[in-house]
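Chemist: Here the protein sequences line up with chains A and B, keeping their order.
Under the numbering used here, the very last position in the first sequence is 235; numbers go up by exactly one each time.
Under the numbering used here, the very last position in the second sequence is 235; numbers go up by exactly one each time.
FYI, nobody ran anything at the bench for these hints, they're computed from the structure.
Careful: at least some of the hints might be erroneous.
Given that identical chains are not distinguished, each listed pair holds provided it fits within a single copy or across any two copies.
Stated by the list, open to error - As a list, the in silico SDA-like pairs of lysine to any residue whose alpha-carbon atoms are at most 25 Å apart: (1) Lys233 x Glu190; (2) Lys201 x Ile128; (3) Lys201 x Ser152; (4) Lys101 x Lys217; (5) Lys195 x Glu228; (6) Lys130 x Asp107; (7) Lys89 x Ser12; (8) Lys89 x Lys217; (9) Lys55 x Glu228; (10) Lys233 x Arg87; (11) Lys20 x Lys53; (12) Lys24 x Ile234; (13) Lys112 x Asp215; (14) Lys89 x Phe143; (15) Lys55 x Ile232; (16) Lys56 x Glu186; (17) Lys89 x Asp52; (18) Lys89 x Glu228; (19) Lys53 x Tyr109; (20) Lys89 x His120; (21) Lys28 x Gly218; (22) Lys55 x Lys201; (23) Lys194 x Leu230; (24) Lys201 x Asn67; (25) Lys20 x Met1; (26) Lys24 x Phe135; (27) Lys130 x Glu186; (28) Lys217 x Leu35.
2 protein chains.
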Amino acid sequence: MDFFDLVQKRRSVRKFSTEKVPDKVILKSLQSALLAANSSNLQPWEFYWVKDKHKKNKLIEACFSQNAAKTAQELIVSVSRIDTWRRNKNLLIENYKQEGKLLPIIDNYYNKVIPYSYYHDMFGIAGIFKRCVSFFTAIAGFFRPVPRGPISKQDLFEIVTKTTALACQNFMMGIVAQGYDSCPMEGFDENRVKKILDLNKNTHVVMVLGVGKADPKGVYGDRFRIDEDLVIKII
Amino acid sequence: MDFFDLVQKRRSVRKFSTEKVPDKVILKSLQSALLAANSSNLQPWEFYWVKDKHKKNKLIEACFSQNAAKTAQELIVSVSRIDTWRRNKNLLIENYKQEGKLLPIIDNYYNKVIPYSYYHDMFGIAGIFKRCVSFFTAIAGFFRPVPRGPISKQDLFEIVTKTTALACQNFMMGIVAQGYDSCPMEGFDENRVKKILDLNKNTHVVMVLGVGKADPKGVYGDRFRIDEDLVIKII
């Protein structure tokens with residue numbers, strides 16, 4: 001099916017039928033997710049495919065037992081992390097080296113710019129330091145374009161969550177491309193979800209993705225979008 | 001082309017050829033973006049398609065004159081907002097009413113839950129109030145699943161930016177589905193971009209999207225992803 005037909009076809013399905021979803025459908029969609037665009041190629045995402053029955057029940061509860069979770073054949077939790085950048089940039093550098101393509105500009109970017117942006121300590125001292133530096137950067141900013149962040153841990157979380165969302169959209173499109181349906185959920189008890197997945201403070205739960213075949217009553221009403229002139233601005 | 005082939009084909013292109021991109025290609029991709037999944041259907045995004053030559057040059061400068069911006073035939077800025085929720089939820093409610101489908105649960109959600117989550121004042125008083133309430137919620141959270149946020153303005157920004165990213169991935173896939181290429185950029189002077197677009201403090205610039213046809217040297221090297229076992233966890 002044509003991409004634009006798939007876009008039309010993808011709806012958030014709130015109730016799934018009892019039809020099983022083959023593992024390969026989920027896996028293929030997850031692999032598409034990992035090929036999404038992402039920030040500095042640092043791939044700060046994780047996808048937890050919760051198959052264990054006990055954990056799955058706990059996860060459904062943590063999603064307030066909403067229909068989309070309860071009836072989903074499969075549940076996948078997408079997570080963004082601010083603590084895998086070092087491992088991942090080292091793997092990137094290793095790959096550049098193996099290909100003989102570690103140019104000085106790349107070396108500098110991954111060994112200086114990225115650590116400066118991503119390093120954070122538990123006491124927030126790095127954040128305060130960066131805040132001070134940003135004051136001087138802002139002065140330079142009167143004269144020329146300058147980078148304005150990330151400064152705080154929260155800024156970093158916004159970056160990694162943004163990137164993980166790019167992957168999530170690919171995941172959902174991958175599901176619909178294979179004839180199945182999904183529902184992205186943001187209504188959940190994040191603390192409980194983290195406990196189920198054994199996640200630390202350097203993670204955010206981006207969304208819980210329910211997957212299955214739509215029940216005939218699975219889509220709640222026609223799709224509604226506000227007038228596109230309100231959000232597409234040609235200037 | 002099959003969705004999974006498109007996923008393979010989409011790469012971040014750093015240098016575009018001089019071939020023009022028809023307006024309808026951009027528009028069709030933007031319309032696909034607007035059909036992405038989004039948080040509570042509040043559609044907190046905006047897409048600025050910068051055609052004015054003077055503004056476009058300013059935008060290129062604000063992107064540190066990087067090649068992907070300089071050589072792009074078209075530049076689109078995606079923006080997330082925490083101040084359009086009221087207008088948009090009113091439009092949603094209006095639509096539900098017209099369709100005779102404004103159930104009490106929907107009315108309650110958009111007229112109570114959403115305002116509580118999204119309301120913020122410039123002094124941060126609402127944030128402090130919500131922080132206090134969250135203390136009591138956390139106590140209840142020992143006994144049952146409870147929602148943990150959004151509390152701060154920054155939490156809200158993470159939600160709207162996440163949702164806008166879902167749309168951006170659709171946009172990029174729409175571009176590649178029509179035989180063109182894109183580059184999502186996060187390296188820019190956000191203050192300057194906001195000034196060019198006349199944006200207020202309730203907005204974040206999510207990414208700048210360059211569009212064109214890839215120059216033969218437009219893709220910098222083979223795609224590299226870390227081992228999928230590091231990020232796909234089956235539990």
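Chemist: The structure should be examined with respect to each hint, and the outcome stated for every one.
Modeler: Do the hints match the structure? See the list:
Taking CA atoms no more than 25 Å apart as the test, Lys233 paired with Glu190 passes between copies only; the shortest distance there is 18 Å, against 35 Å inside one copy. For a Cα distance limit of 25 Å, the shortest separation of Lys201 from Ile128 qualifies both inside one copy, at 19 Å, and across copies, at 22 Å. For the homomeric pair Lys201 and Ser152, the shortest alpha-carbon distances inside one copy (15 Å) and between copies (17 Å) are both at most 25 Å. In the homo-oligomer, the alpha carbons of Lys101 and Lys217 lie at most 25 Å apart only across protomers (15 Å), although the nearest pairing inside one protomer, at 54 Å, exceeds that limit.
Proximity of Lys195 to Glu228 under the C-alpha cut-off of 25 Å is restricted to the inter-copy arrangement: shortest distance 23 Å between copies versus 41 Å within a copy. Taking CA atoms no more than 25 Å apart as the test, Lys130 paired with Asp107 passes inside one copy only; the shortest distance there is 22 Å, against 44 Å between copies. For the homomeric pair Lys89 and Ser12, the shortest alpha-carbon distance between copies (18 Å) is at most 25 Å, but the shortest distance inside one copy (35 Å) is not. When the C-alpha separation of Lys89 and Lys217 is checked against a cutoff of 25 Å, the pair qualifies only between copies, where the shortest distance is 24 Å, while the shortest distance within a copy is 46 Å.
For the homomeric pair Lys55 and Glu228, the shortest alpha-carbon distance between copies (22 Å) is at most 25 Å, but the shortest distance inside one copy (41 Å) is not. Proximity of Lys233 and Arg87 under a CA criterion of 25 Å is satisfied inter-copy only: 17 Å between copies versus 40 Å inside one chain copy. Only within a single protomer do Lys20 and Lys53 lie at most 25 Å apart by alpha-carbon distance; the minimum there is 15 Å, versus 53 Å between protomers. In the homo-oligomer, the alpha carbons of Lys24 and Ile234 lie at most 25 Å apart only across protomers (13 Å), although the nearest pairing inside one protomer, at 42 Å, exceeds that limit.
Taking identical chains as interchangeable, the C-alpha atoms of Lys112 and Asp215 are never at most 25 Å apart, the minima being 51 Å within one chain and 29 Å between chains. In the homo-oligomer, the alpha carbons of Lys89 and Phe143 never lie at most 25 Å apart, since the shortest distance is 32 Å inside one protomer and 41 Å across protomers. Proximity of Lys55 to Ile232 under the C-alpha cut-off of 25 Å is restricted to the inter-copy arrangement: shortest distance 17 Å between copies versus 42 Å within a copy. In this assembly of identical chains, the alpha carbons of Lys56 and Glu186 lie at most 25 Å apart only when taken from the same copy (16 Å versus 36 Å across copies).
In this assembly of identical chains, the alpha carbons of Lys89 and Asp52 never lie at most 25 Å apart, being 32 Å within a copy and 38 Å across copies at closest. Proximity of Lys89 and Glu228 under a CA criterion of 25 Å is satisfied inter-copy only: 15 Å between copies versus 39 Å inside one chain copy. In the homo-oligomer, the alpha carbons of Lys53 and Tyr109 never lie at most 25 Å apart, since the shortest distance is 44 Å inside one protomer and 31 Å across protomers. Taking the shortest Cα distances, Lys89 and His120 sit within 25 Å of each other inside one copy (16 Å), while across copies they are farther apart (37 Å).
For the identical chains of this complex, Lys28 and Gly218 are intra-copy neighbours only, at 24 Å inside a copy versus 28 Å across copies, given an alpha-carbon limit of 25 Å. Within a single copy, Lys55 and Lys201 get their C-alpha atoms as close as 20 Å, which meets the 25 Å cut-off; across copies the closest is 41 Å, which misses it. Taking identical chains as interchangeable, the C-alpha atoms of Lys194 and Leu230 lie at most 25 Å apart only when they sit on different chains, with a minimum of 18 Å there against 37 Å within one chain. In the homo-oligomer, the alpha carbons of Lys201 and Asn67 never lie at most 25 Å apart, since the shortest distance is 29 Å inside one protomer and 37 Å across protomers.
For the homomeric pair Lys20 and Met1, the shortest alpha-carbon distance inside one copy (22 Å) is at most 25 Å, but the shortest distance between copies (27 Å) is not. In the homo-oligomer, the alpha carbons of Lys24 and Phe135 never lie at most 25 Å apart, since the shortest distance is 51 Å inside one protomer and 43 Å across protomers. For the homomeric pair Lys130 and Glu186, the shortest alpha-carbon distance between copies (19 Å) is at most 25 Å, but the shortest distance inside one copy (31 Å) is not. When the C-alpha separation of Lys217 and Leu35 is checked against a cutoff of 25 Å, the pair qualifies only between copies, where the shortest distance is 20 Å, while the shortest distance within a copy is 33 Å.
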